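Trainee: Produce the entire structure from the sequences given, and follow the hints as far as they go.
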Amino acid sequence: MSEPILQVRDLHVRFNTPDGIVHAVKGATFDIAKGEVVGVVGESGSGKSQMFMATIGLLASNGEATGSVRFKGQELIGAKQSDLLKIRGSGIGVIFQDPLTSLTPHMKIGQQIVEILTVHKKIGRQEAQRRALDMLELVRIPEARRRMGQYPHELSGGMRQRVMIAIATACGPDMLIADEPTTALDVTVQAQVLEIMRDLTRELGTSIALVSHDMGVIASMCDRVQVMRYGEFVEAGPVDEIFYAPHHDYTKMLLDAVPRLDQPDRPGHPRLPAVNLAGRETLLKVDDVKVHFPIRMGGGLFAKTKPLKAVNGVSFQLKKGETLGIVGESGCGKSTLARAVLQLVEPREGSVVWLGQKELMTTRGAEMRRMRKEMQIVFQDPLASLDPRMPIGASIAEPLKTQEPGLPAAEVRSRVKDMMLKVGLDPAWINRYPHEFSGGQNQRVGIARAMIVRPQLVVCDEAVSALDVSIQRQIVDLLMKLQAEFGMSLMFISHDLAVVRQISHRIMVLYLGRIVELADREAIYERPLHPYTRALISAVPLPDPKLERAKPRAKLQGDLPSPLDTRASLTFLKSKAINDPDAEQYVPMLIEAEPGHFVAEHDPV
Amino acid sequence: MAIPMSQSGREEAMKAAETVKGRSLWQDARRRLFRNKATVVSMIVLSIIILLALFAPYLSIHRYDTQDYNQVGCYPSSMIDMSKLNPPEGADPDSAAYKAYQQYNDEYPERVQCGLGIIASYEQAKSDFELYCSAGNSATAPPEINCARAPQQDDFTHVLGTDAIGRDLWVRTLYGARVSLSVGVVASFVALMIGVMYGATAGYAGGRVDAFMMRFVDIMYALPFIFFVIILMTVTADIPFFKDPFNRFILVFAAIGAVEWLTMARIVRGQTLSIKRKEYVEAAVAAGVSNAKIIRRHVIPNVIGPVIVFVTLTIPSTMLAESFLSFLGLGVQEPMTSWGVLISDGANEMETKPWLLIFPALMMAVTLFCFNFIGDGLRDALDPKDR
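From first to last, the protein sequence lines stand for chains V and B.
Just so we're aligned: the first sequence equals residues 478 to 1082 in the working numbering.
Just so we're aligned: the second sequence equals residues 1044 to 1430 in the working numbering.
Take the hints with a grain of salt, since some may be wrong.
Calculated pairs, DMTMM-like style, for lysine to aspartate or glutamate (alpha carbon to alpha carbon, straight line, at most 25 Å) [to be verified]:
#1 1321/B <-> 1253/B
#2 786/V <-> 1322/B
#3 1336/B <-> 823/V
#4 1321/B <-> 496/V
#5 1028/V <-> 700/V
#6 503/V <-> 954/V
#7 1428/B <-> 945/V
#8 1127/B <-> 1197/B
#9 1321/B <-> 913/V
#10 762/V <-> 656/V
#11 1428/B <-> 496/V
#12 1319/B <-> 939/V
#13 598/V <-> 552/V
#14 1080/B <-> 823/V
#15 1321/B <-> 945/V
#16 1319/B <-> 496/V
#17 781/V <-> 1253/B
#18 1321/B <-> 823/V
#19 585/V <-> 575/V
#20 1321/B <-> 851/V
#21 599/V <-> 651/V
#22 1428/B <-> 903/V
#23 549/V <-> 508/V
Computed far set for chain B versus chain V, every beta-carbon distance over 12 Å [what the hints assert, rightly or not]:
#24 1136
#25 1146
#26 1149
#27 1258
#28 1261
#29 1269
#30 1294
#31 1370
#32 1415
To be clear, the hints were calculated from the coordinates, so they are not data collected in a lab.
The structure presented is a predicted model; accordingly, all values stated were derived computationally and were not measured.
Beta carbons are placed, not taken as given, at the ideal position from N, Cα and C, and that holds for glycine.
Mentor: Pasting the structure below:
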């Protein structure tokens, strides 16, 4: 191995907070060689981001770093601000997690790249412009010349992240720090961004420090891996060693917790009970549900509106005790669909029939409020979905008090405590507030609140997406356990195909508000018929380095098109598309390819 | 997260939790409130001020409206020692008592003069009255007699001095506290109630209802405050009910409250708009909670922080608004007074009689400090994160 480009020795990071000193990083020591990709994994709060923030001197003002960080032999800890400025950008590039907030909103993206180049490379404007264009092309931004003049808000999340990479690599840094670079992105976009980063190391020999909690991303990208917990490295080694022969219990636990798309029922996890759905009663019959939001085009008093077809004619049935997984990328309308089923969003049309008799779409007011006893929802963000000024006991009791107003207080209390036990919370905690709990515990509160009225349908809207893998696994296990106990039906919405496969009996893939494929869990992953489903599945990075290296990548080029453009709905049926963004387009039909396996019409691949 | 899931473990946990009762935010808030020292001290000071105001008539021999032209503009605590106005009877000029009298006369000639004047004028009035009574004629009106009794030591004592027409400032400050505190608290409370309910409803309803309700607020804003109050006062001037001074006084509250709630409504509406989109509100909707209950249980407790801070700012501004109305002759009428009136009178005579400004202003400042600390304490107490 050649001389390491970054040498970190005994790095400590401490934060001075009102609650005392927080020791975020405790003596980190590692090297990064030229052209090497080093992954740092760990759960939230393990100090992995702060370690790299300290490396480039970007700690918050109450933070303090001690130890030694040498970049190409130059000491960075305690270095002068002016020296650090020189290194940031030209020596070390940084890609942050959130592409939305890491670009300046009022500057055109071309200018933002030019700025970096003129500051660090001391080249003229013309030259900088030309280089910026090259960079944008390097990160495969289509129509790069036109994009130079656009503002960040005009670009999608994936595009913005590519611009971020272009900025970070504009001056040809020797090292790139990528802090959860793809966490906020959809899987297909993630696959493209990872591909670009891979090319960068190959073509420019850039070293990458990749911070991520996603074992799949780590497996597909890294040469070496450092596992971090509570500010300490618990294990380090080549990627294959970490994945195939982990030593430390924590690493084993992490790997075990990661849901695997290729292995849905692994030992040590509750298995999804095989249920015969054919003989069961239909709980919910959803027919041609549409949710079209009017979007104002242009300003003024008499602005035209264009319908945004968030959900555009979705039909499915849900049996009692069944779990239906709903997957799709952001903006595909999966949350809106769930809210339309629960009658939580306006305007909606179509039909939602409850137990074969009650039409929910026309049920209103107090009658609907009574119906809500049967259908509950668990939200994505555990903290945001709990009233910060309500003790959790009161939050859990709220649906019960609302739906059964006559219940004596003692009975409410005992049922709340009972439910808290069932979801794994100490009943003595009823007077605590949400901010005193971790995300996983708050999500248990959310589940307890949804389950306390014993509903027949529970919608989990990205219920585990905001949680760390180990917690995610616990919550998924809990949901499966509760389903076995109460026999409710679940609509499990997620963008994470692996989790969905673990928990669902049937899976529905949505694309721009329409179903593209609906089938049993085995069929859809083993014999996907629609090109979009295939692209989605192949884009998911597997936590298995050898499989990842061998995997051929079926790539979807470009981003999800704008749902306002009617041509977008026919991305996979171009032969029938009319080339006019406002035209009324052909609606692809769902075809039953094999019993229970529905797929939308599409052009042959 | 370490909850044993075995049967026995479950039972144990249930048993341990048996005694734990559910508490509401308000119960928690009360506990936190009483732990805040600044708030508790403020509450005590404020209660003392309120008690003083309530029992003002019994705390001094002076009346708030009695003018005494012999004691105009007295210094605070300037005390005329009655026993030293006249030489002690039959005393030897060398005795200690006589020397004390002499010394007092040398030191405070104006006090002695003043005290003798008061006694003399009482004697004069008394003899006039007796003469009138003994004459037994009814052709002339009876001469005025100021005091029914002979002057005594307390009549000469003014802890905070007197104003330009000889009224006791201490008593007037306490009477002013009655008016100012009630205006400040009641008007702010009215503003709070209307503003919070109106703003929360507008914000939560959204759409056209919101637009309509907020345009109404805008129209009310466009009316000049004083114009609005004058109209209110003139319109009600002929209604017999409002001729009663007390009812008229209530109208002042209403007028001030009716203006102050507008800003409150705007603040609450803005907050509500952001809270409405929070997931916990959606969770409540999904649980089947009615809109009124969502506003009461989820929206209002969560807007309380900025609202309480605003209320503590509203209290002084209503007090000042009241003094302005009084200055225009629309608020309290002489001889009744309020802190605002006392302060504005005091400010006019600041150079010659600074105590007329200092004491009412000090009382008001202390009161406002108390309200501010109580407001801060309430805000913190209602924020569970600040445990």
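Trainee: All hints are to be evaluated individually against the structure, with a verdict given for each.
Mentor: Verification of the hints:
{"no.": "1", "hint": "1321/B <-> 1253/B", "in the structure": "holds, 18 Å"}
{"no.": "2", "hint": "786/V <-> 1322/B", "in the structure": "holds, 23 Å"}
{"no.": "3", "hint": "1336/B <-> 823/V", "in the structure": "holds, 21 Å"}
{"no.": "4", "hint": "1321/B <-> 496/V", "in the structure": "violated, 28 Å"}
{"no.": "5", "hint": "1028/V <-> 700/V", "in the structure": "holds, 17 Å"}
{"no.": "6", "hint": "503/V <-> 954/V", "in the structure": "violated, 33 Å"}
{"no.": "7", "hint": "1428/B <-> 945/V", "in the structure": "holds, 24 Å"}
{"no.": "8", "hint": "1127/B <-> 1197/B", "in the structure": "holds, 14 Å"}
{"no.": "9", "hint": "1321/B <-> 913/V", "in the structure": "holds, 19 Å"}
{"no.": "10", "hint": "762/V <-> 656/V", "in the structure": "violated, 44 Å"}
{"no.": "11", "hint": "1428/B <-> 496/V", "in the structure": "holds, 13 Å"}
{"no.": "12", "hint": "1319/B <-> 939/V", "in the structure": "holds, 20 Å"}
{"no.": "13", "hint": "598/V <-> 552/V", "in the structure": "holds, 22 Å"}
{"no.": "14", "hint": "1080/B <-> 823/V", "in the structure": "violated, 49 Å"}
{"no.": "15", "hint": "1321/B <-> 945/V", "in the structure": "holds, 23 Å"}
{"no.": "16", "hint": "1319/B <-> 496/V", "in the structure": "violated, 32 Å"}
{"no.": "17", "hint": "781/V <-> 1253/B", "in the structure": "holds, 23 Å"}
{"no.": "18", "hint": "1321/B <-> 823/V", "in the structure": "holds, 17 Å"}
{"no.": "19", "hint": "585/V <-> 575/V", "in the structure": "holds, 18 Å"}
{"no.": "20", "hint": "1321/B <-> 851/V", "in the structure": "holds, 23 Å"}
{"no.": "21", "hint": "599/V <-> 651/V", "in the structure": "holds, 18 Å"}
{"no.": "22", "hint": "1428/B <-> 903/V", "in the structure": "holds, 20 Å"}
{"no.": "23", "hint": "549/V <-> 508/V", "in the structure": "holds, 11 Å"}
{"no.": "24", "hint": "1136", "in the structure": "holds, 75 Å"}
{"no.": "25", "hint": "1146", "in the structure": "holds, 63 Å"}
{"no.": "26", "hint": "1149", "in the structure": "holds, 64 Å"}
{"no.": "27", "hint": "1258", "in the structure": "holds, 16 Å"}
{"no.": "28", "hint": "1261", "in the structure": "holds, 18 Å"}
{"no.": "29", "hint": "1269", "in the structure": "holds, 35 Å"}
{"no.": "30", "hint": "1294", "in the structure": "holds, 37 Å"}
{"no.": "31", "hint": "1370", "in the structure": "holds, 42 Å"}
{"no.": "32", "hint": "1415", "in the structure": "holds, 22 Å"}
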